[in-house]
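Go ahead and model the full structure; you've got the sequences and the hints to work with.
The primary structure of each chain is shown beneath.
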Amino acid sequence: GESVKMGKMPEGEKTRQCKQEEQQQKDEQQEGLIEFYSSYQELFQFFCSNTTIHGAIRLVCSKKNKMKTAFWSVLFFLTFGLMYWQFGILYREYFSYPVNLNLNLNSDRLTFPAVTLCTLNPYRYSAIRKKLDELDQITHQTLLDLYDYNMSLARSDWSTLSMRKRSSRSLLHHVRRHPLRRQKRDNLVNLPENSPSVDKNDWKIGFVLCSENNKDCFHQAYSSGVDAVREWYSFHYINILAQMPDAKALDESDFENFIYACRFNEATCDKANYTHFHHPLYGNCYTFNDNSSSLWTSSLPGISNGLSLVVRTEQNDFIPLLSTVTGARVMVHDQNEPAFMDDGGFNVRPGIETSISMRKEMTVRLGGSYSDCTEDGSDVPVQNLYSSRYTEQVCIRSCFQLNMVERCGCAYYFYPLPAGAEYCDYTKHVAWGYCYYKLLAEFKADVLGCFHKCRKPCKMTQYQLSAGYSRWPSAVSEDWVFYMLSQQNKYNITSKRNGVAKVNIFFEEWNYKTNGESPAFTVVTLLSQLGNQWSLWFGSSVLSVMELAELILDFIAITFILALRWFRSRQQLSPPGPPPSSHDNTAFQDEVPGLSAPHRFTVEAVVTMLPSYNSLEPRGLSRDGEVG
Amino acid sequence: AAMAPGKKITARLKRTLPVKGPQAPTLSELMRWYCLNTNTHGCRRIVVSRGRLRRFLWILLTLSAVGLILWQCAELLMNYYSASVSVTVQFQKLPFPAVTICNINPYKYSSMKDYLSELDKETKKALETFYGFSEGKSKVRRSVDEWNSSGSDFFTQIPLLKFEDFSKTATDLRSGQKRKIEGSVFHKDSSIVNSGDSNDIIGFQLCDANNSSECALYTFSSGVNAIQEWYKLHYMNIMAQIPLETKEKLSYSADDLLLTCFFDGLSCDKRHFTRFHHPLHGNCYTFNSGESGTILSTSTGGSEYGLQVVLYIDEADYNPFLVTSTGAKIIVHDQDEYPFIEDIGTEIETAAATSIGMHFTRSRKLSKPYSDCTETGADIPVENLYNKSYSLQICLHSCFQKAMVDSCGCAQYAQPLPAGAEYCNYKKNPNWMYCYYRLHEKFVKEQLGCQQICKDACSFKEWALTTSIAQWPSAVSEDWMLRVLSWDKGQKINKKLNKTDLANLMVFYKDLNERFISENPANTLVILLSNFGGQLGLWMSCSVVCVIEIVEVFFIDSLSIVMRRQWQKAKKWWNGRKRDRSGKPPQAGDLERQGHDNPVCIDEDLPTFNTALRLPLPQDSPLPRTPPPNYSTLRLEAAFTEQLPDTLEVGQ
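Protein chains in written order, with the UniProt record's numbering: chain Y, 1 to 628; chain H, 1 to 652.
Relax, there's no trap hidden among the hints.
Taking beta-carbon pairs under 7 angstroms as the criterion, some of the chain Y residues facing chain H (in silico):
(1) Glu35
(2) Thr268
(3) Ala467
(4) Gly531
(5) Gly539
(6) Ser540
(7) Leu543
In silico EDC-like links for lysine to aspartate or glutamate, alpha-carbon gap of 16 angstroms or less:
(8) H:Lys247 with H:Asp114
(9) H:Lys455 with H:Glu375
(10) H:Lys461 with Y:Glu509
(11) H:Lys442 with Y:Glu266
(12) H:Lys232 with Y:Glu266
(13) H:Lys124 with Y:Glu478
(14) Y:Lys513 with H:Asp372
(15) H:Lys455 with Y:Glu509
(16) H:Lys499 with H:Glu478
(17) H:Lys445 with Y:Asp108
(18) H:Lys108 with H:Asp314
(19) H:Lys125 with Y:Asp479
(20) H:Lys455 with Y:Asp108
In short, the hints are calculated from the structure, not lab data. Every residue, glycine too, gets a C-beta built ideally from N, C-alpha and C.
Following this line, the structure appears as structure tokens:
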């Protein structure tokens with residue numbers, strides 16, 4: 001047939017073809033919905049002459065010249081290989097998900113972070129006060145035994161001593177289960193008490209935690225007696241606290257007795273601006289600016305536009321074993337993040353004005369495949385026990401707590417309680433201490449996989465703090481300042497300067513840095529690069545691929561039609577009947593007449609007569625061959 | 001015939017470089033011609049494919065490829081202005097920054113007595129009246145009348161008030177109605193935290209002098225804050241009236257402040273310091289300010305090679321009401337940066353050695369169009385009142401000061417004076433305080449537009465400070481050290497120095513690494529173009545030439561065809577009308593001229609090689625064919641004559 005071939009046709013041919021196309025347009029109505037080629041050769045001929053893939057056209061069309069074909073084949077496959085090599089490189093680059101680091105300096109209004117202030121003065125609940133007093137007594141006795149130090153327990157209620165002995169033998173019993181003792185550095189020998197004559201360098205102090213059946217014991221040893229006593233004391237303290245009923249009803253939240261003055265941005269702080277919680281070690285904690293309804297914003301940097309507090313820093317601990325520091329603890333954190341005071345606190349010295357300047361820095365990572373971070377923690381396999389937003393610390397602590405409940409059967413007191421669990425307490429869980437310290441060791445070695453499971457959040461806000469100190473109040477203003485405080489806040493002047501401290505927290509800069517990431521290699525650039533390579537080596541496009549796809553589909557269709565035709569002819573041959581004619585052939589009737597007529601024959605042929613196709617076909621083909 | 005040379009040239013030009021019209025006479029033919037001849041993929045298939053469905057699919061594919069190209073290229077364009085950051089750390093000899101040191105107390109209290117005696121008296125009286133505090137331990141409550149008579153006009157105009165309840169009157173001289181004005185009452189009564197035992201609230205109110213019902217009420221939950229704020233307010237008024245030279249004399253001299261100085265292992269003295277008068281902090285001294293032309297640099301990091309000074313903080317000479325803390329304030333800044341010491345200064349404690357380690361970071365951002373920052377601040381419509389290089393802080397403060405001068409008629413005390421303005425004091429501007437507080441409120445709420453006008457600076461230097469404190473002097477060295485230092489200072493002070501009057505300060509580079517963060521364009525024009533090329537190639541194997549081709553065919557050629565159609569129609573209509581009117585047949589000559597006059601027709605209608613090709617062949621076809629239609633023969637002629645087809649048509 002005279003399939004269209006525009007490449008390098010003689011002019012006459014081209015003209016005729018144009019003519020033919022005109023005709024074809026007129027015959028649009030006659031054109032079938034979809035038309036197929038009648039033979040493979042025709043199909044390939046059409047493809048070869050109309051394809052837009054460079055090289056391929058040469059490959060097929062120069063079939064007369066073997067040498068040329070071979071040459072073009074080699075060239076074709078070479079370029080093919082080169083292109084795919086390049087593609088491989090591009091894909092590898094894309095799937096390594098490279099990122100660009102972006103540095104943004106934002107200067108919009110700064111939302112003031114939440115500020116948590118703790119008294120460093122654990123408050124004693126009245127419900128368990130008696131037991132704590134008892135613990136103090138035992139500690140006193142222990143200190144006397146081990147170090148020959150007679151602690152004055154002035155404030156402790158000695159009159160209840162006899163009553164204590166009656167009421168709570170259990171505590172003594174439990175404390176006795178885990179006594180503080182000294183041991184030789186190498187071999188763990190129980191010492192007879194009262195032997196201070198031994199060279200102290202050879203001794204370690206600690207306590208032993210045993211499993212339930214006392215088979216396996218864990219020696220928690222410390223080189224320093226101070227650490228040992230503190231750790232031992234807080235271990236018992238936790239146990240006593242855990243026995244408390246769940247409702248941690250506070251008798252008083254003595255905000256006025258702790259914070260004497262509070263100003264933010266030259267305005268007095270509202271009562272609504274703070275929330276209160278109690279930390280067993282850090283005492284009463286007040287978080288300012290934590291409620292999301294009305295957050296403070298700093299209009300300008302500088303001390304006068306920040307938070308300024310006057311706090312009381314007097315100690316009234318019964319036995320100062322839980323906290324050995326005086327002052328207050330400040331922590332700056334983001335809203336809706338729990339304040340982990342032991343992680344990021346800042347101690348405030350009494351008698352000193354501490355000015356803490358902040359610089360805000362935000363880090364935004366690209367999630368997904370770009371980096372291993374999580375948007376909101378929902379895809380982290382650890383249940384969030386805190387009621388706050390996901391942070392890495394929240395996750396790690398939740399992870400530890402969940403493991404604790406699973407392994408030890410009870411929950412660690414300092415972390416939130418998972419549903420259905422209860423806090424550890426050695427009246428109920430005898431060996432929890434042993435279990436806890438074992439678990440802690442495993443946790444630190446990341447056997448539990450907590451550090452592995454917990455991913456960094458994609459969006460992080462950090463506050464870089466730096467502090468300056470000055471003496472407050474100054475010698476000349478001391479008088480009137482203390483007088484005012486005593487008038488307004490019932491501050492007893494006895495301890496003077498050591499009883500108060502001033503804290504200023506403010507932004508140092510009006511703007512904050514955002515470290516962002518953006519994908520360095522996007523789909524768009526990948527496609528562009530692929531297109532570049534493709535064009536470079538083949539000069540082909542996606543549409544060329546579609547052409548190839550069409551070729552393959554056509555190939556399959558023709559195979560199917562031919563097979564059907566052959567099958568039909570076989571069927572009709574076997575019973576003696578009329579010889580099969582092309583007109584009778586269903587396949588031909590369906591497909592061929594509509595399609596081939598305008599294509600394979602010149603218009604003239606259609607107009608003049610309709611010869612039987614088969615007779616004309618070879619002629620058309622031979623003509624094509626000549627042209628090629 | 002003698003032709004003008006110009007005409008000759010144009011004729012030759014026309015002959016040698018003939019301007020041809022579109023490739024086909026009709027739009028559909030033009031499209032067909034384009035599709036068959038273009039190098040762009042897809043289009044050809046639309047024409048050569050057989051079957052309507054196939055054709056439709058190819059049209060769909062081609063159009064979607066075009067759409068994809070447009071979309072992806074738009075993405076590329078949108079992401080063109082992105083920047084990537086590079087961080088370089090280099091080790092080099094770093095220039096030492098300027099270090100500005102101020103005493104927290106601005107002026108010597110003893111020499112300020114003349115100016116402040118009245119104010120102090122008032123303050124003491126207020127303390128006595130409200131809190132029963134008196135220095136002489138004689139808590140005698142004086143009568144209110146006595147106060148009234150002794151105080152100056154201005155103190156009574158803005159007195160401290162004690163409110164028992166907001167609804168009731170204040171217990172003071174004034175007992176007018178306190179109308180709460182929305183937005184100007186800073187402290188709502190319902191939410192006072194620190195009320196103590198009584199519900200006393202201390203504050204003051206600022207009223208509009210012209211309209212006394214317009215008042216802003218300032219209340220403080222803590223008496224300490226109330227007294228200090230009130231004191232400061234009046235203090236600023238008094239200070240505004242004192243000329244600068246006097247103030248400089250009233251403040252500390254370099255000899256007063258600096259006891260010893262050591263830099264980079266060598267001794268230094270007050271000549272290395274430049275005086276800088278700060279309105280709120282008095283005389284400050286800048287080390288290495290660069291004013292002498294040389295900027296010092298350190299050869300090695302570490303505290304030994306930095307700046308070491310011992311400051312004399314005369315605590316006894318402090319103003320008891322203005323400042324309540326003792327110490328000094330320092331700020332580390334660049335030589336041409338203004339030290340905003342009141343905002344971001346670091347405080348230094350007395351009787352302690354403060355070590356400040358510095359870590360230097362330099363950042364540089366790309367300016368427009370990558371980000372909205374300014375290189376020099378010259379493009380910001382705010383006059384820089386500080387004679388230092390631009391920064392966001394400077395811009396904001398200048399903007400506020402300008403607004404202040406515009407609306408209140410005088411300048412705020414804490415910021416530099418614009419040309420032709422003077423500082424506010426209530427002798428001259430009795431209304432300024434109310435005006436100021438209203439304006440400041442507006443500023444905070446971003447209603448002045450300062451925050452919108454002012455932009456970040458593109459490059460900035462930053463010294464990250466790490467502070468650590470040790471007790472100084474130590475118990476064993478205290479004796480001899482204080483004796484030696486007081487002997488050094490001996491000429492002026494005869495008493496022995498107290499250790500709470502001294503502060504030791506060390507400022508040094510922790511390391512000599514400079515961290516340089518700079519932004520670089522992530523895309524260049526070359527990359528953008530090659531990405532464009534990639535997209536065009538990927539979807540349609542198109543190139544710039546293809547794009548030009550498309551423009552030519554789809555816009556120029558198509559347009560000319562359409563225009564010609566319209567022209568022909570119009571001409572036909574015109575002729576028809578003319579014929580109808582005159583009743584005589586139109587003359588060919590007329591039309592011809594018309595056609596030639598038509599600028600569209602002249603060049604466009606020349607038959608081209610391609611249109612010629614479209615014409616039927618001479619009758620040499622071996623196959624029998626139907627006789628060609630009539631018009632073909634005519635068009636064959638037209639192809640070789642120079643006549644316009646339309647004129648021919650009509651001429652027939």
